[in-house]
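Start from chain R and add chain F according to the hints.
Number of protein chains: 2
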Amino acid sequence: MAKTQTLPSAERPKPTGAAPKEVKKAPAGVDQAGAGSQTAADPSLARLAANRVVIENVSPEVDGGRFPAKSHVGDCFTVEADIFADGHDKIDAAFLIRRADQQEWREAPMAYFDNDRWRGFVMLDENARHVFTVIAWRDLFASWRDEVSKKHAAGVPIALELTEGRLLLERTLAEGERGSSDDRSALESLLDELGAAEDDAARLARLMAQETAALMKRVGIRSNLSRYERELELVVDRKAAAVSAWYEVFPRSMSNDPNRHGTFDDVIARLPYVRDLGFDVLYFPPIHPIGRAFRKGKNNSLTPGPDDPGSPYAIGSPEGGHDAIHPELGTFDDFARLVSAARDHGLEIALDFAIQCSQDHPWIKEHPEWFEWRPDGTIRYAENPPKKYEDIVHVHFYDEALPAVWYAFRDIFLFWIDKGVKIFRVDNPHTKPVPFWEWVIREIQDRHPDVIFLAEAFTKPKMMKRLAKVGFPQSYSYFTWRNTKWELTQYLTELTRTECRHYMRPNFFVNTPDINPTYLQTSGRPGFRTRLVLAATLAGNYGVYNGYELCEAAPVPGREEYLDSEKYEIKARDWDTPEHIRPDIRLVNRLRRDHPALHSFTDLAFYNAWNDNILYYGKATPAKDDFLLFAVNLDPHHTQSAHFEVPLWEFGLPDEASMNVEDLVTGERFVWNGKVQHVTLDPQQRPYAIWRLNPPGELR
Amino acid sequence: MAKTQTLPSAERPKPTGAAPKEVKKAPAGVDQAGAGSQTAADPSLARLAANRVVIENVSPEVDGGRFPAKSHVGDCFTVEADIFADGHDKIDAAFLIRRADQQEWREAPMAYFDNDRWRGFVMLDENARHVFTVIAWRDLFASWRDEVSKKHAAGVPIALELTEGRLLLERTLAEGERGSSDDRSALESLLDELGAAEDDAARLARLMAQETAALMKRVGIRSNLSRYERELELVVDRKAAAVSAWYEVFPRSMSNDPNRHGTFDDVIARLPYVRDLGFDVLYFPPIHPIGRAFRKGKNNSLTPGPDDPGSPYAIGSPEGGHDAIHPELGTFDDFARLVSAARDHGLEIALDFAIQCSQDHPWIKEHPEWFEWRPDGTIRYAENPPKKYEDIVHVHFYDEALPAVWYAFRDIFLFWIDKGVKIFRVDNPHTKPVPFWEWVIREIQDRHPDVIFLAEAFTKPKMMKRLAKVGFPQSYSYFTWRNTKWELTQYLTELTRTECRHYMRPNFFVNTPDINPTYLQTSGRPGFRTRLVLAATLAGNYGVYNGYELCEAAPVPGREEYLDSEKYEIKARDWDTPEHIRPDIRLVNRLRRDHPALHSFTDLAFYNAWNDNILYYGKATPAKDDFLLFAVNLDPHHTQSAHFEVPLWEFGLPDEASMNVEDLVTGERFVWNGKVQHVTLDPQQRPYAIWRLNPPGELR
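Protein chains in written order, with my numbering: chain R, -7 to 692; chain F, -7 to 692.
I should point out that these hints are in silico values taken from the structure, not numbers from a laboratory.
Accuracy of the hints is not assured; some may be wrong.
[Unchecked claim] Now the in silico label distances, taken between C-beta atoms and shown as ranges:
| # | chain 1 | residue 1 | chain 2 | residue 2 | range |
| --- | --- | --- | --- | --- | --- |
| 1 | F | Asp315 | R | Ala146 | 35 to 43 Å |
| 2 | F | Glu118 | R | Arg58 | 25 to 33 Å |
| 3 | F | Asp192 | R | Asp300 | 34 to 42 Å |
| 4 | R | Tyr599 | F | Phe598 | 45 to 53 Å |
All C-beta atoms, glycine included, are put in the ideal place defined by N, C-alpha and C.
The following block holds chain R by itself, in its conformation from the complex (with noise of 0.2 Å):
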């Protein structure tokens, strides 16, 4: 935790030989004045002089800063930079971060590796918004190191570099602020040294000493300092916004009784199986009161029957909105109890978050501002032209809306955090203006920092961007649309590549209540299991809509719809099918909390298996010291088999090496032998295969 400076320093050594005969303009006293004194009249002079070491492109930079990057806790969080500067003199860099509401900086080395380009990282523990940038210094010492070198080589005489070098060390101590008391003294004993020392090859010595270098490089002068024009912000969020496995369930069917409305203590009661299977996030569609006005019968009919439940989307009755529980679900006192056993079984309740309203919405009455009138009097409702959708209502955020409806919905973020609430699903962000989001997650994270929120918003690509940059913390994918290797492989590497991996989590949800994905209506149960894996491996956070467990997929003939939707009934369902398939999702669920090689989304590789119908990759930690493979077949009809190639290289290995393998599914234990290996998956039998690499000499 070094305190930088924030002047730059003189760019040489001070001429302290003798002096230049005929000087007409004697050198200033002070001659170590910075850009700051000397060009006080020209503040674009000042200002530009004040970077002499360029620093650019710094990643991550959303936007060229207008967007925060987004990190979470435990995450090691790289910064890159191209830094350079004219001539050839050597230089150094680092960044800086501090938590937003601080003023302490925090200090973190950085490297070059390539191509002008550097890099640092640091490990973050703190949910809590930051900021950082850039900070590049010309290093005097390092240039005056690496010139003596080269002239000492080839046997240039450099006794007048000697002094040249004591004198720079001189004036480190003098003028230079950085290092601790220790490296003073240490630099002070240097000095009293080279004084004391008895010829140039001496003094060559201790001057070019690693120590000595070490040393300088804490306290040397920064000459130069230059600092990256912009201060960048990251969210760094907790990690549940990064890793987590959702499961969805419409509490009213956990009676599991059609005839009977499910209540919270269903739920309670359904919770060690929820958490039997290893989900860490339980998430309920609307919990709120349900409009009678134009109610929804089975199967979305317009011809409800009296005791048809309505869709849980229409949100708003007399009973109260969305503030309100909807009365049968229970109390708020029974929510409460719902949320602290969720607790108990190591899950987090998330709420959806709808704006939208029944046309019996006790808003519609006490603020009819919020809403859009027509010349006749009535409401306007929703329309897909000539579709109507006439049991919802739209909410306007401008004209007399504007502020208060924003500072409404916000407060129903609140109260539902004051209930215990830490994870919204947002449903349909991209129908409300978007400056809306921006505001409104700014506003809840600054005071709850813990909050997630998942944006429901499957649109086209620039808008499911742009939600996430103004601040979602997950957004709902195309997954369930992306089901070649192609597909697959286009799509991830566009997640995991290119600039969207710095503020886009995606959360692979492998059904929702209103995705029966095409795919899974014909696969059957291979390719559950299949989706699946490829969901819970591929991303760092993904999602099962209750049902899929039980390999559910009749459709509404047609479409992705579900027939006899839940969302306009109470289902009850037959759990103990002999075709579910808990042990697949206990299996990934355990493999996701065991292996750290699967809490980076980013880290992901594409490996080559020559077979289409064979996607083929790996995840793994930095350190390659957690190292899995995966095998899938995305055919559910027919076995398909390949030769791969074992990725030998990225531990540095020849490809005739050998390779202890260990097989999470089945948990045998062997040797591969060689780059290029050979599997069969049988969709009935095997249709995936997961490896960990163990390499050579490090048998675990």
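Frame of chain R; chain F shown alone:
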């Protein structure tokens, strides 16, 4: 030239029909309040709310707006942006551009073209710094029109929608501020007509008419008018910054007598020759007094003869420094005559600007604080350990030299500008502080926007690009070292297709006094013809150092230096050697003047020719009314032939189509039938082919 609104307008028509019952809070009397008024107490909310329509990924934008993009007079300047909003309402967009020193914005419409990307353009006609930004808004009338057309097509009753349309027109008349008085009269008439219309069908026809849509595009209220957060800079240079042909000579050799120092008058006598070749710029290495101390002799020897003239880069003697003329070249009056005579020949004089001093430079005594002194009182001269360059000392830019040296060199530029010089080739800018260039180029261009600087930096790629970003209108390039088809394709693709196309204009020199390219040392005359055509047709700016037209290539063995380099001696040449390639030079320079396709650097496309020794590419205007094809044999030793694809698809023609062709080398005209054609290029006879395409029906 519309002045644009600065406040976002209301989002929707106000409810003018029957008020809803039971209004707790009546709509405010003023219902049009934008984000600014109601949210003053919450600046973050107000700021965000003001930009409901998302505008991002604006192009050109260099480093998040840190640096200006570049364009030139006569260029079609294109702006692109990703623009979209929440929901399904129609939006529209434009960009605003103005001179940086004027307040009045000019507005250019943008149009949607793909995947939320919008594009617009203006023709630029002023050599001045500009700023631009992008605006977008929700188009209420277009949204209304879309909704009504869908409902009408589906047979849904639309009486209420017609009322809403009329109300929208009324509101536009009452509140709108856009459009001419004629437009507003037309709007009034339209409303009268609607009132008089006999039925809804007539009203519908009137409201849906194309002319109504056009009128509303002109006068419609721009709802939620949003503006990109940044105003971006654009340097509009004069055309010579983007399109120019340079010819370099040492004036002292223009006597063509090794025993007589050439003069400016000798250069004047040479102007007809240069003009005949078709060049635009005549460029000289430094013309200042040359130091005597440590003067270099022939072939860079340390032992000069008494008559050796020295390197012109050892600037400064008792006769003067950077603001003086080497006495043997002539006087300032002679120089003025030369500048004037050159202008009469259609040529501009470009001077070298080299920031370095001989040990005889007057500044060393006048300003010792601008130089570095060693502990023994000697001046520090240039070194690249263990090599020494005692004839050169470097000037400092920091410490006591800041800001005096900055002003001194700026004033040197201004001095020569006052003498009529508007183009400077800057020697080794990468060894001087980068901020100096950013500052001084802006200082000069603020006074003289027509001044052009060419950065002679041959260094690492990121420094090359940084120098272009900070302001150099032209840059030397790696062209001299890109010889193979793969190298040329890669390099030109980087230059013309990646972000650097917005700020970097390469000048492709085929040779320089410092670079006698290896390729040319063994290629013989065919290679000179090939490299000339490549430079002159691939780049907007290109240059030739004299002697090239005579196929001079004798090297210092094993190096890219010329033997008996003109840098150290006065050269005489046999200008009439039969080896010369003056016809090729005249041809390419004539084509460059006559063909608009050669006036844009970025309108380059590589096409397929199935031979790795034949580079085959096209240059075309955006309208394709000037479409040139080039096939160049890169192998100077062997005849090469290839089948190649005629890019019929660029004209929307099928593979079987015919194309009228004009051979621009021979003047022949003929027809190609079908997409695949064949060419044979004999390096001795015809190392390159240049064709102009005239699609059928457009025979010219």
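Subject >> Outcome for the supplied range 45 to 53 Å, where the beta carbon pair is Tyr599/R and Phe598/F >> reply: violated, 32 Å
**OP:** Can you let me know if the beta-carbon spacing of Asp192/F and Asp300/R is within 34 to 42 Å?
**Re:** Holds - the Cβ-Cβ distance for Asp192/F and Asp300/R, about 38 Å, lies within 34 to 42 Å.
Subject >> Status of the given 35 to 43 Å range, CB of Ala146/R versus CB of Asp315/F >> reply: The hinted range 35 to 43 Å holds for Asp315/F and Ala146/R, with Cβ atoms some 38 Å apart.
**OP:** Evaluate the given range 25 to 33 Å for the C-beta pair formed by Glu118/F and Arg58/R.
**Re:** Given about 30 Å between the Cβ atoms, the range holds.
Hint 4 alone, counting from the list given before, is not met by this structure.
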